[in-house]
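For reference, the chains in residue letters:
Protein chains: 2
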Amino acid sequence: MGRLSELFEPDSVAVVGATDREGAVGRAILENLSTGFAGEVVPVNPNRETVLGHECYPDLERAPAVDLAVVVVPPPVVLETLREIGETGIENVVVITAGFSETGSEGARRERELREIAEEYDLNVVGPNSLGIMSTAVGMNATFGPERAIEGGISFMSQSGAFITAVLDWANDQEIGFRDVVSLGNKSVLAETDFVRQWGEDPETEVIIGYLEDIDEGAEFIRASRDVTDDTPIVLVKSGRTDAGAHAASSHTGAIAGSERAYETGLEQAGVVRARSVQELFDYARALSGLPVPESESVAVVTNAGGPGVLTTDAVGDSTLEMASFTEETLEGLSESLPEEANVYNPVDIIGDADADRFAEALDTALADPNVGSAVVVSAPTAVLAYEDLAEVVVETRDRHEKPVVTAMMGGQRARAPEATLRESGIPNYFDPARAVSGLDALARYRDVRRRSRDDPATFDVDRERARRILERTKSRSGNQLGIESMDLLEAYGIPTPEGAVVDDPESARELAESIDGDVVMKIASPDIAHKSDIGGVKVDVPDAEVADAYEDLIARARNYQPDAQILGVQVQESLDLDGSTETILGMNRDPQFGPLLLFGLGGIFVEILEDTSVRVAPIGETEARDMIDDVKASPLLAGARGREPANTDAVVEAIQRLSQLVTDFPAILEVDINPLVAGPDDARAIDLVVTVDTEEL
Amino acid sequence: MGRLSELFEPDSVAVVGATDREGAVGRAILENLSTGFAGEVVPVNPNRETVLGHECYPDLERAPAVDLAVVVVPPPVVLETLREIGETGIENVVVITAGFSETGSEGARRERELREIAEEYDLNVVGPNSLGIMSTAVGMNATFGPERAIEGGISFMSQSGAFITAVLDWANDQEIGFRDVVSLGNKSVLAETDFVRQWGEDPETEVIIGYLEDIDEGAEFIRASRDVTDDTPIVLVKSGRTDAGAHAASSHTGAIAGSERAYETGLEQAGVVRARSVQELFDYARALSGLPVPESESVAVVTNAGGPGVLTTDAVGDSTLEMASFTEETLEGLSESLPEEANVYNPVDIIGDADADRFAEALDTALADPNVGSAVVVSAPTAVLAYEDLAEVVVETRDRHEKPVVTAMMGGQRARAPEATLRESGIPNYFDPARAVSGLDALARYRDVRRRSRDDPATFDVDRERARRILERTKSRSGNQLGIESMDLLEAYGIPTPEGAVVDDPESARELAESIDGDVVMKIASPDIAHKSDIGGVKVDVPDAEVADAYEDLIARARNYQPDAQILGVQVQESLDLDGSTETILGMNRDPQFGPLLLFGLGGIFVEILEDTSVRVAPIGETEARDMIDDVKASPLLAGARGREPANTDAVVEAIQRLSQLVTDFPAILEVDINPLVAGPDDARAIDLVVTVDTEEL
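Chains as they are written, first to last, in our numbering: chain A, 16 to 713; chain B, 16 to 713.
Don't read these hints as lab results, they were simulated from the structure. Careful: at least some of the hints might be erroneous.
You can't tell identical chains apart in this list, so a pair holds if it fits in one copy or across any two.
To be verified - The calculated DMTMM-like cross-link candidates involving lysine to aspartate or glutamate, where the alpha carbons are at most 20 Å apart (straight line), are:
hint, residue 1, residue 2
1, K547, E623
2, K648, E623
3, K648, D627
4, K648, E626
The task is simple: from the sequences and hints, build the whole structure.
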């Protein structure tokens, strides 16, 4: 893939399919490109000599060389146009034309071909079915939309063209500026990860925002975003969050929906700040594009209005922020400068007769406090407070400190001009104090992203070849599952299991039992019998002397229950003393977008009724494995709550990491269910296992 | 208390403390009252002959009779002014003057006196420390704020004057109209419940909204609001939701904070729709003031933009609403009228080339569907869609159906004029589809309020006198607690307990044990020993023959552990077979604002670690008692999840109701802790008990 930056900063752009026909998309694009763009615009259309005053060329070969081609020809002609583009040596293409995978199987076939051509010629293709792209740096509007972005630091991608037009009209009204805007269309070639990488390297992009309905390659997206978010925040609306929404999204774009749970953890692991609505997206973007990242989560609130001050404090309580505790010095400073009736504790209430100067003094004192990471200025209109003056002193005061400040100048008309003053200095103003706090909270969440620990997944010494051989057993099975007879799969990856094995005659069973201390547990081993207990296929506390009989009995029961079941034998397992241990569940489900999704929870009602589980996309490092345990509400039980003996959580953390390595090493593993993984004071041991394998992937 | 409606519709208003001094509050009020108010305005000030052209009177006695007096005299003169008002026969007063309970003990004393005078003369007093009141019906602005409300159907009360000025400037900008506006001030006499009652009876008030920092008399507020919300919705921001916010609120108004948990359930039981922010308050109010209440929670979404359609669907998924499933007829109708590429399933995507007529047709078909309760129209700007036309056809189409419609015409400038068209027809427009849905959701939540079951608390046949005698035992105790020796308190109210009693010699213990079937449980009974098990003060499965010895042993242990402990004897109790039973916890805590707050949860980790409990303000009826069980996440365990024997939940429901009756009958009971209440297949029995009593209240 060539340099993507040329897509946004071309010296010349061809419009293939340009026309002057009223209402045609090929005209709208040419018109938009002819306004404000400093580079050359080259219409291509075999049926015209000129279009809208530009000289028109019959094909790309005969046209001047360009950096970017925008394609608006009818669907059947798109593929040959792309070949022509490839032959001419143009690298960057935006395909506006619709009628591809969004329209059914014929379109999907055409889109596959489009992708092949792009690969053959190494083309950067946006679309098809795209509204186009904009780049305010070069004044380029290569879209057919009715709105043009103003210049700013937000780079914006959207899987919905309508979302872009809807937002731009509003954003222009609010004077919110953009750097690049991309309508992703069907994402046949270039997708979200490519733009994340591109904008991550672009020093002028202050924040990357997006509206997405799916993410094509989750693991790749996580990797790229992790790097980018070290320097550049990413805020995304990923729709289809709810079941209803996911259904609507899949009928809109035809995307195969990954699970919302995978998206939730995947985006979090990627360092993405997630927004739930258009408003949140821009509330966050405004804070993230102009403000420095705070050094702490502690917020000072300065207000002339008690009630709104309390509301602001509530919003802080709802967020990841906390109210700052002022130093003695700050409290003294505030007491000296403020009237007696004022409240010098946070939220600082400088009371209703405050003018702008009193705001300035209080804000200055608060921002100077080392315990204060950021500040919110909240004001209600009064006779003595000029909002214009307030805006100016807020800017001045902020400039003396390296700390983020947001404002909630409440009001309508009277807040408009002051708001512009603030905006020019990078200070976002919000009507609602709760929204001001949520903007600051996005900044604090981004701070956490920057500070997150980034331990690489551990690589344990495992027996990968042995694991492969065990997985290959499924090839000789009727189903594609492995069960307790394959506990050695876990052993190969160092996840402890009880002593024992599957044997296929009574005598071996007896011998094995004798080699194991104490009584044994015996279970029927059959890939076809899922609920062993239900058919009496499990015997506990079997003394050595009864093992041979028990073997015969178990086999008989299984045969009786399901005559055609494939019976592998009987598992003879050490009898564990589970007193003082906690049953946990450790599993994995492969998500279509994000790949291996690890799941952890406490056994029994905790998973089944309370749905108290945590998930992460593998591979994960130690910190994330530990977080998986801590995220579970019942985790205090593992730590020894209510007089229990504390479990060895380090052993659980290691088991999670080892499973992470196993499922990362073998994409053929579709599902793992270790239920239970028994966490005791000394170790964590897998007692039962079901593994589902895609035998074709092996 | 006199007629409150006269407060809002006076024929004449006196301003006591009126002045023409620049910047004085007494001038600002007179100026505001002189604009737009049709009635007579009477300035009172002994030092002036005229004020701002009005004839001024030295005192109320010599002034013409008025319906309402607004008091802006200095704090020391307020009380004598109130007496004068009382003597003159004026019933309605707004005290603007500050310097009362918000300023410390001297002010609090003055406020108590103010309240006494108000009682003596039966005055309706708003304030003190109030911004004033407005009534658009008579054009009266009796505030000193810079803004004046425009006419509409929202009646608005606020415990913060600044909140009113902050909101009005913005609301005027949005053309949101009000009926009455009240700055509650210190709520010395008139408080939220009075205005809820007043506006509940006012046919012109479409919705009651408020900003509150506390609620004075929770039980009374619940009663009044329950009645009012049958006809008029109430939306409240109650700030101090979070710990930080509650702290800030108490330093702002000096209010004693009730627990957020009590507010949450109390407001819910009152039928109040709660908003968390200014924006939500008005998003909800706009929907609740203009739209009919929907007949079902099913929503149709009609849009020209796929992406925003998906976002809208997500917002529906987040709400109490659900996406409507269209009838076959509707699907056919939509298929016939829409282009082939459109999506006729909900969300209906009428695609990007839709004009207003196509919107009208699709909306009309959707609203005609009996499965559709309400609709959201979501639009992105396109070249072929005129927003003005869209607004008009939405109004026309809506007028043909008795169903609520909201719009999210996304955009800035271009949405402004159409928004006014919609507003005039009572259709709220929101920029963000998520906010449009949340407005509709407020309406659906209000629908639930109207439909809630209103079963009166049951009155069981109980032995109230016996209960009183038992409670009075605390008077002879060192502490104010009752324990297991007082299980008969529960018996008096019909809550089952195991067979047994507290006895105070070994022989009685043996006799009692013999009268009980099987072994017994024995527990030391002492108000001074809280954790009986920890000191070996509990013996289980004691055979009759060992009871006497066990008695001696328990007494010895207690004496040894705490020589000065008051020892009441030993409880000898029937040994219950708890297999197949579930331990629950049933309790009560008296909240300063809302009174008896019942609590229910499952025992052990569920309450202690998972904090899985539900609460209600007593008294409650059967439905609410049942809801308390259902609200607990672990409740499926009671219903027989995971192969358990189902508990008799009816018995638990009855125990909750009986406790509700007990704590309602005896306000002296401060706390009750029935832990456990064992719920078995047949009954629910209280096994242990701690009751804390306010002996002075008995």
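Status of each hint after checking the structure:
no. : hint           : in the structure
1   : K547 with E623 : within (19 Å within a copy, 35 Å between copies)
2   : K648 with E623 : both (14 Å within a copy, 11 Å between copies)
3   : K648 with D627 : both (6 Å within a copy, 11 Å between copies)
4   : K648 with E626 : both (10 Å within a copy, 10 Å between copies)
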